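**Student:** Same order as they appear, the protein sequences are chains A and B. Numbering of the first sequence is given in my numbering, commencing with residue 1 and proceeding in unit increments. Numbering of the second sequence is given in my numbering, commencing with residue 1 and proceeding in unit increments.
To be clear, the hints were calculated from the coordinates, so they are not data collected in a lab. Here the structure is a predicted model, which is why all the values come from computation and not from measurement. Using N, Cα and C, we set each Cβ at its ideal position, and we do this for glycine too. Check before you lean on any hint, since a few could be wrong.
What the hints assert, rightly or not - To be clear about the criterion: a stretch of chain A counts as covered by chain B if any three or more of its residues have a C-beta under 8 Å from a C-beta of chain B, and this derived list gives those stretches:
no., segment
1, 25 to 34
2, 171 to 178
Stated by the list, open to error - No more than 27 Å apart at the CA atoms, straight line, and that leaves these computed lysine-lysine pairs for DSSO-like:
no., chain 1, residue 1, chain 2, residue 2
3, B, Lys120, B, Lys65
4, A, Lys113, B, Lys65
5, A, Lys187, B, Lys9
6, B, Lys5, B, Lys167
7, B, Lys120, B, Lys9
8, A, Lys184, A, Lys35
9, B, Lys60, B, Lys5
10, A, Lys184, B, Lys9
11, B, Lys60, B, Lys9
Each chain, written out:
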Amino acid sequence: MELHSLLIITVGAIFISNFVLARFLGICPYIGVSKQLDSAIGMGMAVIFVMSMASAVTWVIYTYFLAPVSSNLFFKILMKSHGSPPDLTYLRTISFILVIAALVQFVEMVIQKISPGLYRALGIYLPLITTNCAVLGVSILNIDAGYDFIQSLVNGFASGLGFTLALVLMAGIREKLELANVPKTIKGAPIAFIMAGCMSLAFLGFAGLKIG
Amino acid sequence: MSIVKEFTKGIYESNPIFRIMLGLCPTLAVSSSVNNAIGMGAAVIFVLVSSNFIVSLIRKFVPSKIRIPIFISVIATFVTIVDLVMAAFFPALHKALGIFIPLIVVNCIILGRAEAFASKNNIILSIADGFGMGVGFLLALVIIATFREILGNGTWLGIPIFGNSFKPVLLMILPPGAFFTIGFLIGFFNWIEHRRLAHR
Numbered sequence: 001m002e003l004h005s006l007l008i009i010t011v012g013a014i015f016i017s018n019f020v021l022a023r024f025l026g027i028c029p030y031i032g033v034s035k036q037l038d039s040a041i042g043m044g045m046a047v048i049f050v051m052s053m054a055s056a057v058t059w060v061i062y063t064y065f066l067a068p069v070s071s072n073l074f075f076k077i078l079m080k081s082h083g084s085p086p087d088l089t090y091l092r093t094i095s096f097i098l099v100i101a102a103l104v105q106f107v108e109m110v111i112q113k114i115s116p117g118l119y120r121a122l123g124i125y126l127p128l129i130t131t132n133c134a135v136l137g138v139s140i141l142n143i144d145a146g147y148d149f150i151q152s153l154v155n156g157f158a159s160g161l162g163f164t165l166a167l168v169l170m171a172g173i174r175e176k177l178e179l180a181n182v183p184k185t186i187k188g189a190p191i192a193f194i195m196a197g198c199m200s201l202a203f204l205g206f207a208g209l210k211i212g
Numbered sequence: 001m002s003i004v005k006e007f008t009k010g011i012y013e014s015n016p017i018f019r020i021m022l023g024l025c026p027t028l029a030v031s032s033s034v035n036n037a038i039g040m041g042a043a044v045i046f047v048l049v050s051s052n053f054i055v056s057l058i059r060k061f062v063p064s065k066i067r068i069p070i071f072i073s074v075i076a077t078f079v080t081i082v083d084l085v086m087a088a089f090f091p092a093l094h095k096a097l098g099i100f101i102p103l104i105v106v107n108c109i110i111l112g113r114a115e116a117f118a119s120k121n122n123i124i125l126s127i128a129d130g131f132g133m134g135v136g137f138l139l140a141l142v143i144i145a146t147f148r149e150i151l152g153n154g155t156w157l158g159i160p161i162f163g164n165s166f167k168p169v170l171l172m173i174l175p176p177g178a179f180f181t182i183g184f185l186i187g188f189f190n191w192i193e194h195r196r197l198a199h200r
C-alpha cells in the first residue's frame with residue numbers, strides 16, 4: 001500500500017503534472033539554462049538535489065514547529081503541553097524561503113569545492129535556485145497535499161526529475177534549433193516558448209494515464 | 001521629471017514580462033482568465049511597492065553581505081500579509097490563485113527591483129519604480145489573459161462576447177495555450193522593436 005502510493009506520486013510528478021509543463025513552476029531557469037545540453041544536465045542535478053533536501057527539511061519544520069498539533073515542539077517544551085497548541089502556520093512562507101536560501105548557499109559551496117568546472121558552467125543560475133519557484137512550490141505542495149515524510153521526500157525527488165526531464169529535452173531541441181532558419185523576430189525566447197507549448201501539448205497526453 | 005521616467009519605464013521600455021522576461025511562472029499560470037490576472041497583478045503591485053519602500057528605507061544600514069536574506073524576509077512579510085488579507089476578503093480569488101500567492105516571494109521581479117533599484121535609490125524614486133514595474137506586470141498579464149480567455153472560453157472578465165454558436169478553443173486555457181500566447185506576444189514586441197530600429 002505504501003509503495004503503491006509512492007509509485008503514484010512518482011509517475012504523477014514526472015509525467016502527469018510535470019512541474020514545468022503542467023504546473024508552470026521553474027519557468028525562468030527552463031528558458032534561461034536550456035541553451036546547452038551540458039549546463040542543462042548540471043542545473044537539473046542541482047535542482048533534483050535541492051528539491052529533495054528542501055522537501056525533507058521543510059516537512060520537518062512544518063510538522064514539528066509550525067503546525068497546531070500536539071507533536072509541536074514549542075508546545076511540548078515551552079508550554080509543557082498545557083492548553084492548546086499554538087498555530088504558527090502563518091510563518092510558513094517566510095520560514096520556508098529562509099531555509100531554502102540557506103540550503104542553496106550550502107549546495108553552492110559544496111559544488112564549488114567538488115567541481116569548479118560545473119560551478120563555472122552553472123554561473124549565476126546556482127544562487128538563482130533560491131528564487132526558483134519549483135523549490136518553494138514543492139515544499140508548499142507537500143504540505144497542502146498532507147504527505148508524510150517519505151511521501152514528501154519522494155515527491156521532491158520525482159518533481160526534480162520531472163523538471164530535469166523537461167529541461168534536458170528542451171536543451172536537446174534548442175541545440176538543433178540553433179542551426180535552423182528561424183525568423184528573426186521569434187528567434188531566442190519566443191521560439192523556445194512555442195516549443196515548450198508543443199512539449200506541453202505532448203505531456204497533456206499523460207493526463208489520461210490511470211494507475212491502480 | 002525623473003519620477004515620471006522611473007514610473008513609465010516599467011510599462012513599456014523595460015516591461016518585466018515582454019522585455020526583460022522576469023516573473024514568468026505566475027504569468028503563465030494565472031493568465032487563464034482576466035479576473036485572476038487582475039487579482040495577481042494587484043497583489044504584485046502591493047508587494048513590489050511596499051518592499052521597494054522598506055528596502056530603500058533600510059538601504060544604508062544593511063550590510064552588503066547579508067542583504068539578500070534581509071530583502072527576502074522583507075518581501076516574505078508582505079507576501080504573508082497579502083496571503084492572509086486575500087484569504088479573508090476574497091476567498092474565491094484566493095482559491096483560484098492557490099499556490100501562486102505564497103510564490104510571489106520567489107517572483108524574480110520583486111527581488112530583482114529590490115537589488116537593482118531600491119537598494120541604490122531614494123524612497124520616492126523607489127516607490128515610483130516599484131509602482132511602474134507593477135503596473136507593467138499587471139498590463140502584460142491582462143493582455144495575455146485577454147487572448148486566452150476570449151479564445152479559450154469565449155468570455156472577457158466573465159462576460160460572454162460571442163453568441164452560442166462559438167466553440168471555444170479549449171487548448172488556450174490549458175497549459176500549452178499559455179506557452180503559445182506568451183511566445184507569440186514576445187515575438188510581436190520584438191517585431192515592433194526591430195521595426196523601430198530599422199526606421200532610425
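**Student:** If you test the structure against every hint from before, which numbers come out violated?
**Tutor:** Numbers 2, 6, in rising order.
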